[in-house]
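With the hints as extra help, turn the sequences into a complete structure.
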Amino acid sequence: MNGTNLDELGGFLRSRRARIRPQDADLPDAGRRRVPGLRREEVARLAGVSVDYYVRLEQGRGHNVSDAVLDAVARVLRLDATERAHLYDLARPPREAVPPAPAAVRPQVRTMLDAIQAPAFLLGRCMDVLAWNALGDAVVGFSAMPPGERNMARRAFLDPAARTLYPRWTEVAAETAAYLRLDAARHPGDPRMTALVAELSAGNPDFRALWEDHTVQEKAGGRKLIRHPVVGTLDVGYETLALPGDPDQLIVVYVVAPDSAEAEKLAFLATAASGSKADATV
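Sequential numbering of the sequence shown, starting at 192, is according to our numbering.
The hints are simulated quantities; they were obtained by calculation from the structure and are not laboratory data. Don't take every hint at face value.
[Stated by the list, open to error] Per label pair, the in silico range of CB-to-CB distance:
#1 Ser451 with Arg225: 23 to 33 angstroms
#2 Ala386 with Thr431: 18 to 28 angstroms
#3 Pro420 with Pro337: 17 to 27 angstroms
#4 Pro420 with Arg266: 47 to 57 angstroms
#5 Asp243 with Ser451: 25 to 35 angstroms
#6 Arg266 with Asp305: 39 to 49 angstroms
#7 Arg414 with Asp350: 38 to 48 angstroms
#8 Ala411 with Ser206: 20 to 30 angstroms
Predicted, not measured: the structure shown is a model, and the values here were computed from it. Beta carbons: idealized from backbone N, C-alpha and C, even for Gly.
Printed below as a string of structure tokens:
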């Protein structure tokens with residue numbers, strides 16, 4: 192059996208119980224504790240399982256754990272829907288890790304990206320950037336990146352300019368690490384993910400700290416502040432759409448309010464990008 196996820200299960204459970212205060216679980220405060228949060232025996236009692244069983248679960252030895260036990264532990268640890276799904280991914284890894292096939296971008300997807308009148312790009316496994324439209328390139332600068340480095344996690348943690356590009360870098364870094372950990376659990380044993388995590392851990396101590404926190408988060412929607420070298424600060428919303436039939440590929444679209452200052456900045460970039468494209472074809 193592939194033990195990659197089971198090895199991660201203990202760290203995730205420990206990190207989640209560390210954030211639950213005894214009083215939050217209607218337990219008496221028994222004075223000073225050696226570690227923050229709930230003790231293992233308290234989680235076991237509240238979940239209705241033996242202490243030995245819960246200890247084995249944290250040690251990655253809880254094979255064939257039932258839905259009822261996982262649901263009980265998730266309830267005690269107050270996991271949200273994303274964390275609960277992550278718990279299931281960790282507790283029930285596939286018997287053999289199958290390396291994913293090389294990412295391929297369907298022609299219709301490229302056509303759709305070009306048709307979107309907003310900055311848009313396509314993310315694949317490990318947060319690789321697989322494709323983009325002209326306005327997405329004008330905002331983020333994908334074409335200027337070396338082909339082997341077109342990856343949003345590498346950009347956030349290894350690019351020296353990232354903290355300038357993202358004025359709220361701390362938020363971007365936390366969201367990136369949390370999504371990457373979620374992606375890693377869905378594909379345990381993926382050698383590319385293992386190599387990426389090792390590279391980020393070696394290159395940035397902030398990533399190491401975030402990775403050890405075991406926070407997970409879906410890449411759904413939100414806001415992002417970008418400091419652009421031409422138009423200045425861009426305050427954009429973003430929405431993420433999974434492709435039907437290929438949930439490992441996500442279309443990310445930056446959105447702004449019509450007739451806003453941000454819309455004017457994007458219109459300027461769109462005009463400049465269109466002019467550059469025309470010059471290139473002359």
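Hint check results:
| no. | hint | verdict |
| --- | --- | --- |
| 1 | Ser451 with Arg225: 23 to 33 angstroms | violated (53 angstroms) |
| 2 | Ala386 with Thr431: 18 to 28 angstroms | holds (24 angstroms) |
| 3 | Pro420 with Pro337: 17 to 27 angstroms | holds (19 angstroms) |
| 4 | Pro420 with Arg266: 47 to 57 angstroms | holds (49 angstroms) |
| 5 | Asp243 with Ser451: 25 to 35 angstroms | violated (59 angstroms) |
| 6 | Arg266 with Asp305: 39 to 49 angstroms | holds (46 angstroms) |
| 7 | Arg414 with Asp350: 38 to 48 angstroms | violated (21 angstroms) |
| 8 | Ala411 with Ser206: 20 to 30 angstroms | holds (22 angstroms) |
Checked against the numbered hints given earlier, this structure breaks hints 1, 5, 7; the rest are met.
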